[in-house]
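**Q** Single-letter residue listing:
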Amino acid sequence: DAGVIQSPRHEVTEMGQEVTLRCKPISGHDYLFWYRQTMMRGLELLIYFNNNVPIDDSGMPEDRFSAKMPNASFSTLKIQPSEPRDSAVYFCASSFGSGGASDTQYFGPGTRLTVL
Amino acid sequence: AQKVTQAQTEISVVEKEDVTLDCVYETRDTTYYLFWYKQPPSGELVFLIRRNSFDEQNEISGRYSWNFQKSTSSFNFTITASQVVDSAVYFCALRPWGNTPLVFGKGTRLSVIA
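These protein sequences, in sequence, are chains V and P. Anchor point for the first sequence: position 29 equals 29 in the numbering used here, and the numbering is continuous, going up by one each time. Anchor point for the second sequence: position 75 equals 75 in the numbering used here, and the numbering is continuous, going up by one each time.
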């Protein structure tokens, strides 16, 4: 079975440009999480969805960040305008939502974003 | 508040040595899950193990073993007879019962030298 798919794997852009990161969760999973990994802050949650509805976006750093999940098989994380401090690895993860042992989050390969 | 502490930032061992990665957690929840993930140099996050707060049995999977002790709020990970392929950053994580986000420790970078 395909795991979580993220694209692009690498993105280099210039400050001020719009960046869109994409994620396809594992089929059947009804929870989707966006995490960011930086040297300074480690792995931290940005936002998560349940059945395509955002549940908690308190980790989104500021209004420049937005995330959508238009259907069960696709989510985007957009940064507009991008800044050098947004440089990080962005991970998408998905899981089932039963609340028990099957709720392990499986991660995509990540998108390494560099903002010059 | 939930918190995970991995006090060891970096560990270096010679191949075939045993190594233990420490994880201490804080939570006020009575039910919760603990996880270990591996991040090899290629960058992906690979799930290794999940443990729930009701089950303190130690677990062994090949060269990997995990020691969960609620009394000390610890969930340590031991690699026996380490190999170069074990070189990676290992993350311990905590999640309350229910499908909520993971709280990660800062990770421990393990280098296994041939």
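You may find that some hints are simply not true.
[To be verified] Facing chain V, according to a computed beta carbon distance under 7 Å, are these residues of chain P, among others:
1) Pro41
2) Arg51
3) Asp55
[Claimed, not checked] Each pair of labels, with its calculated beta carbon distance range:
4) V/Pro70 - P/Ile60: 30 to 38 Å
5) V/Ile55 - P/Glu17: 39 to 47 Å
6) P/Tyr64 - V/Gly28: 40 to 48 Å
7) P/Ile113 - V/Arg41: 23 to 31 Å
8) P/Val24 - V/Glu83: 45 to 53 Å
Rather than coming from a laboratory, the hints here were simulated on the basis of the structure. This one's a predicted model, so the numbers in the text were calculated from it and none came from an experiment. Built from N, CA and C at the ideal position, the CB exists for glycine as well.
**Q** Any hints from earlier that this structure breaks? Give me their numbers in increasing order, please.
**A** 1, 2, 3, 4, 6 and 8
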